[in-house]
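Just so you know, the protein sequences line up as chains C and V, in that order. All residue numbers in the first sequence are consecutive under the working numbering, ending with 226. All residue numbers in the second sequence are consecutive under the working numbering, ending with 226.
A portion of the hints provided could be inaccurate.
Chain V stretches covered by chain C per the calculated footprint, using a threshold of three residues with CB under 8 Å from any CB of chain C [stated by the list, open to error]: (1) 2-12; (2) 155-169; (3) 216-226.
It is worth saying that the hints were derived from the structure and are not from the lab. Predicted model only: the values in this text are computed from it and were never measured. All C-beta atoms, glycine included, are put in the ideal place defined by N, C-alpha and C.
Here's the letter readout for the chains.
Number of protein chains: 2
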Amino acid sequence: MKVGVLGTGTVGRTIGARLVELGHDVKIGTRDVAALLASTEPNQITQETFADWHAKNIAVGLGTFAEAAEHGELVVNATNGAGSLEALRAAGEANLDGKVLVDIANPLDFSQGMPPSLFVSNTDSLGEQIQRAFPQVKVVKALNTMNAFVMADPSLVAGGEHTVFLCGNDEEAKAQVTEILRSFGWRDVIDLGDITSARGTESYLPLWLRVWGALGTGTFNIAVVQ
Amino acid sequence: MKVGVLGTGTVGRTIGARLVELGHDVKIGTRDVAALLASTEPNQITQETFADWHAKNIAVGLGTFAEAAEHGELVVNATNGAGSLEALRAAGEANLDGKVLVDIANPLDFSQGMPPSLFVSNTDSLGEQIQRAFPQVKVVKALNTMNAFVMADPSLVAGGEHTVFLCGNDEEAKAQVTEILRSFGWRDVIDLGDITSARGTESYLPLWLRVWGALGTGTFNIAVVQ
């Protein structure tokens, strides 16, 4: 499938490379392609510049937000939560309308110190804000409850025996995203209902951040057990 | 140990009975003992009136909030989150100061419909509100991330292989609460740090409520896996 991935940070790179590995035709999008390729800033987690990463992952196409969105039959929002609405506006309604948008972003607010708080929560969510701003897009919130490496390859943790959540208003879109999740290796996929359930998965982040602190690693997840 | 349990709903009853079963000397506290014993209102989950439950659990002592707190060397807050500060004020500083308070309450706000939202979250928490209101009390937030039956007997779920979190400012208090949790059957106890981590465990409730909805049962929990 043709997939557009918005965002070139750890999540965008990792999901983009994984989708290529699984045979998809991927273009990742950024605000300014020339500036990104010229940047000498290392990624905070991998310590790699984007150019170094892209030289090793040349099969991942690169373009503007609009070009990536236009390319995708399905689009992934892997931007920072604080920049998501702006990135989606730059991608353009015409390039998004009618498509499935997998929204991985979290509304993290780093302005109050660490660990971050959320800039929207409790009675609203970033997933809902995106759905309201783009009513013709089929927003499916998913994969926002673990780190990028675990998202793309759940076998990294506990033999893959743990849980990913999704929610959204469109049943067919959720079925399509579930198929992609299964292709990543996810076996326990829990559908929480409509997009208002993004309040649940985004509100989990404050707990996730503190478990990360307690364990000293982000390579973990939760398994829902009965 | 002498334990005072504030609150006579499902959590207070279940934790109180479990502590008695484990050999503790327990008094559970309520606002108005006579009114509680006269009440014909069935518990929403067990369908039992308090008097019917108490007749079967006569070893659990009963008193006012103040009498239960005075009785306890350790006190458990099992009241509704919305009524917790008022119940603790009724229990009285003199009966609480210097003691460990296990705070199980969640700041659920049912005024906006179902599922409930939180009346404090994100940059503050009920656990912190309680700690600020009672600075001489050693507040340990714990057990607020699963239903009452699982709290008291984790073997009900997945052979007991799942996680309970705790946080608080006093290390000795957390060690004492950890011992009690282990006596309940908890094996995976994760210390998240100081009482500000209550923002993490309370913010998990919106996700917990939606997983409950998706599974159709409250008898589940999460296991942190690596």
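Outcome of the hint check:
1. 2-12: violated (count 0)
2. 155-169: holds (count 7)
3. 216-226: holds (count 9)
When the structure is compared with the earlier hints, a violation turns up for hint 1 alone.
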